[in-house]
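> Here's the letter readout for the chains.
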Amino acid sequence: KNQVEQSPQSLIILEGKNCTLQCNYTVSPFSNLRWYKQDTGRGPVSLTIMTFSENTKSNGRYTATLDADTKQSSLHITASQLSDSASYICVVTAWGNNRLAFGKGNQVVVIP
Amino acid sequence: EAGVAQSPRYKIIEKRQSVAFWCNPISGHATLYWYQQILGQGPKLLIQFQNNGVVDDSQLPKDRFSAERLKGVDSTLKIQPAKLEDSAVYLCASSPVGSGINYGYTFGSGTRLTVV
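Chains as they are written, first to last, in the numbering used here: chain A, 1 to 112; chain B, 1 to 116.
Isolated chain B, as found in the complex:
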C-alpha cells in the first residue's frame, strides 16, 4: 500500500514570499490533516478535512495560511506571505473514518520549510 505522499521535501524561501505544499493521502482515506511541527516540539494540528469539507481549522492562522482539498483527495497548504516563525516541518496525515481511524492513521514524510 502506498503511503502518504508529500512534496516538496525541502523548501527555502525569503520572508514575505509565498509557498505551497502538496499532499496525496492513502487511497480511500476520507480524512486528511495538516500539522506544523516546530523543531523540538510535537506536531500541532493546522486543519482537518473530511472528504472536501473542513472539520477543524481552529488553529490555522487564516491571515496567512490557507488550505484546500477540492476533490476530496489530494490537498494543498499555502502560506502567503511567509514569516520567519513559519520555519517548521509541515506534516500531512490521513486516516479512514470510523473505527479504522485508530489503526489507519498515517503520516507523510513532511516538508521542511526554512524562511530566511
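The following block holds chain A by itself, in its conformation from the complex:
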C-alpha cells in the first residue's frame, strides 16, 4: 500500500475558480511534507514545504495546510489560471533516513 494517497486523481476546473487537492499519508516518523507542481514532460518544481510545527504555508495563489495529527495535507489553488494545468505531487519525508514517499499526483486541468 502506498504511504501517500492523493485525491482526487484528476479534476477539471474553470479558469478563475478555486480548487483543493488532498493528501493523506502514513509515513512515520514524519519530517516534512512538500507539494510539487509538475508540468507535462518536465521535472517537479517545489511549491511549498512544511515541517511538523507548521500548519499552513502560502506561495502566491497556492496555499498548503498540514494536520500532522491526522496526517493530512491539502493544497488550495485560488483563482486558477490556465498555467495551473499540471500534476501536483505530494511528497512526505521520513525522519531519520530522509526517505521520500511520493503520491501519484493530482492531475489538474484548467479550461477557459
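If you are wondering where the hints come from, they were derived from the structure by calculation, not from laboratory data.
Remember, it's a predicted structure, so these values are computed and weren't measured experimentally.
Don't take each hint at face value.
[Claimed, not checked] DEER-style ranges, computed between Cβ atoms:
#1 B:Lys15 to A:Phe52: 42 to 48 angstroms
#2 A:Ser53 to B:Asp63: 40 to 46 angstroms
#3 B:Arg9 to A:Asp69: 40 to 46 angstroms
#4 B:Lys78 to A:Asn2: 25 to 31 angstroms
#5 A:Lys17 to B:Gln80: 23 to 29 angstroms
[Claimed, not checked] List time: in silico DSSO-like cross-link candidates among lysine-lysine, alpha-carbon distance up to 30 angstroms:
#6 B:Lys44 to B:Lys78
#7 B:Lys44 to A:Lys57
#8 B:Lys44 to B:Lys11
#9 B:Lys44 to A:Lys71
#10 B:Lys15 to B:Lys62
#11 B:Lys78 to B:Lys11
#12 B:Lys15 to B:Lys83
#13 A:Lys104 to A:Lys57
#14 B:Lys62 to A:Lys104
#15 B:Lys78 to B:Lys15
#16 B:Lys71 to A:Lys104
#17 A:Lys104 to B:Lys15
#18 B:Lys11 to B:Lys71
#19 A:Lys104 to B:Lys11
#20 A:Lys17 to A:Lys71
#21 A:Lys104 to A:Lys17
#22 A:Lys104 to B:Lys78
#23 A:Lys104 to B:Lys44
[What the hints assert, rightly or not] From chain B, some residues computed to sit far from chain A (all C-beta separations above 10 angstroms):
#24 Ser7
#25 His29
#26 Lys44
#27 Asp57
#28 Glu85
#29 Asp86
#30 Ala93
#31 Ser109
#32 Gly110
Just so you know, even glycine gets a beta-carbon here, dropped at the ideal spot from N, CA and C.
Using the hints, position chain B against chain A.
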C-alpha cells in the same frame, strides 16, 4: 544558481537497444538521485549516491540498469538492453547533506524515454 541539468531531453530507441542518460547536479550537492516516473505515477527511486558511493540501489533492476558517479559530481544512468516497459521519464535530483536536504532538494527537467 544553476539547476540540475539533464540530457538528452527526449530519446526514442528500439527494444533491446542501449541508452544512457546524463545528469549534472547543483554545485556542492553531495547527494544525487535517479528516479523513474511512469506515466500517471509518482517518481520511483532507482538509485541514490552520496558523493561517489551508492547509498540505496534496492529498486534498481541491476540486470539491465547501471549507474555511476565516478568523481562525485555528474552521473550517468544506463539501460542495456531496453524493454518496452522502460518507457518513462527519468528524473535526476540532487540535495545537500544534513539539514539542508529539506530545502535544497531539486529535480532536473528529466529525460523522456520511449522504447518502441
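> A separate judgement is required for each hint: does it hold in the structure or not?
Evaluation of the provided hints:
Roughly 46 angstroms separates the CB atoms of lysine 15 of chain B and phenylalanine 52 of chain A, a value that falls within the hinted 42 to 48 angstroms. Under the hint 40 to 46 angstroms, the C-beta atoms of serine 53 of chain A and aspartate 63 of chain B, about 45 angstroms apart, fit the expected range. The supplied range of 40 to 46 angstroms is met by arginine 9 of chain B and aspartate 69 of chain A, whose beta-carbon atoms lie about 43 angstroms from each other. Our hint of 25 to 31 angstroms for lysine 78 of chain B and asparagine 2 of chain A holds, since their Cβ atoms are close to 28 angstroms apart.
Against the hinted window of 23 to 29 angstroms, the Cβ-Cβ separation of lysine 17 of chain A and glutamine 80 of chain B comes to about 48 angstroms, which falls outside the hint. Under the criterion of a C-alpha separation no larger than 30 angstroms, the hint pairing lysine 44 of chain B with lysine 78 of chain B is consistent with the structure, at around 16 angstroms. For the suggested pair lysine 44 of chain B and lysine 57 of chain A, the alpha carbons sit about 27 angstroms apart, so the restraint of at most 30 angstroms is met. Straight-line distance between C-alpha atoms of lysine 44 of chain B and lysine 11 of chain B comes to about 20 angstroms, which keeps the hinted pair within the 30 angstroms bound.
Proposed proximity of lysine 44 of chain B and lysine 71 of chain A is supported: the alpha carbons are some 22 angstroms apart, at most 30 angstroms. Between lysine 15 of chain B and lysine 62 of chain B the alpha-carbon distance is near 17 angstroms, which keeps this suggested pair within the 30 angstroms criterion. Between lysine 78 of chain B and lysine 11 of chain B, the direct Cα distance comes to roughly 13 angstroms. Compliance with the 30 angstroms bound is thereby established for this hinted pair. A C-alpha spacing of about 5 angstroms is found between lysine 15 of chain B and lysine 83 of chain B, which places the hinted pair at or below 30 angstroms, so the restraint holds.
For the given pair, lysine 104 of chain A sits about 22 angstroms from lysine 57 of chain A by alpha-carbon distance, which is consistent with the 30 angstroms threshold. Simply put, lysine 62 of chain B and lysine 104 of chain A have alpha-carbon atoms about 25 angstroms apart, close enough for the 30 angstroms limit, and the pair holds. Under the criterion of a C-alpha separation no larger than 30 angstroms, the hint pairing lysine 78 of chain B with lysine 15 of chain B is consistent with the structure, at around 14 angstroms. A C-alpha spacing of about 33 angstroms is found between lysine 71 of chain B and lysine 104 of chain A, which places the hinted pair above 30 angstroms, so the restraint is violated.
For the given pair, lysine 104 of chain A sits about 27 angstroms from lysine 15 of chain B by alpha-carbon distance, which is consistent with the 30 angstroms threshold. Taking the CA atoms of lysine 11 of chain B and lysine 71 of chain B, the gap is near 26 angstroms; set against the 30 angstroms cutoff, the hint holds. The straight-line distance between the Cα atoms of lysine 104 of chain A and lysine 11 of chain B is roughly 24 angstroms, inside the 30 angstroms bound, and the hint therefore holds. A hinted pair counts as satisfied when its Cα atoms are at most 30 angstroms apart, and lysine 17 of chain A with lysine 71 of chain A qualifies at roughly 27 angstroms.
Distance restraint check for lysine 104 of chain A and lysine 17 of chain A: the Cα-Cα separation of roughly 24 angstroms lies within the 30 angstroms cut-off, and the hinted pair is therefore satisfied. At roughly 25 angstroms between alpha-carbon atoms, lysine 104 of chain A and lysine 78 of chain B fall within 30 angstroms of each other, so this suggested pair holds. Using a Cα cut-off of 30 angstroms, the hinted pair lysine 104 of chain A and lysine 44 of chain B holds, with the two alpha carbons roughly 10 angstroms apart. Residue placement check: serine 7 of chain B keeps its beta carbon more than 10 angstroms from all beta carbons of chain A (closest about 13 angstroms).
The beta carbon of histidine 29 of chain B sits about 14 angstroms from the closest Cβ of chain A, which is more than 10 angstroms, so the claim that it is off the interface holds. The beta carbon of lysine 44 of chain B sits about 8 angstroms from the closest Cβ of chain A, which is not more than 10 angstroms, so the claim that it is off the interface is violated. Against the 10 angstroms criterion, aspartate 57 of chain B stays outside the reach of chain A, whose nearest CB is about 14 angstroms from its own CB. Non-interface status of glutamate 85 of chain B relative to chain A is upheld: no Cβ of that chain comes within 10 angstroms, the nearest being about 18 angstroms off.
Interface exclusion of aspartate 86 of chain B from chain A stands, the closest Cβ pair being 17 angstroms apart, more than 10 angstroms. With a least CB separation of 8 angstroms from chain A, alanine 93 of chain B falls inside the 10 angstroms interface cut-off, contrary to its annotation. Not every CB of chain A is more than 10 angstroms from the CB of serine 109 of chain B (nearest about 5 angstroms), against its label as outside the interface. A Cβ of chain A approaches the Cβ of glycine 110 of chain B within 10 angstroms, the least distance being about 5 angstroms, so the stated non-interface status is violated.
Hint compliance for this structure: hints 5, 16, 26, 30, 31 and 32 are broken, all remaining hints hold.
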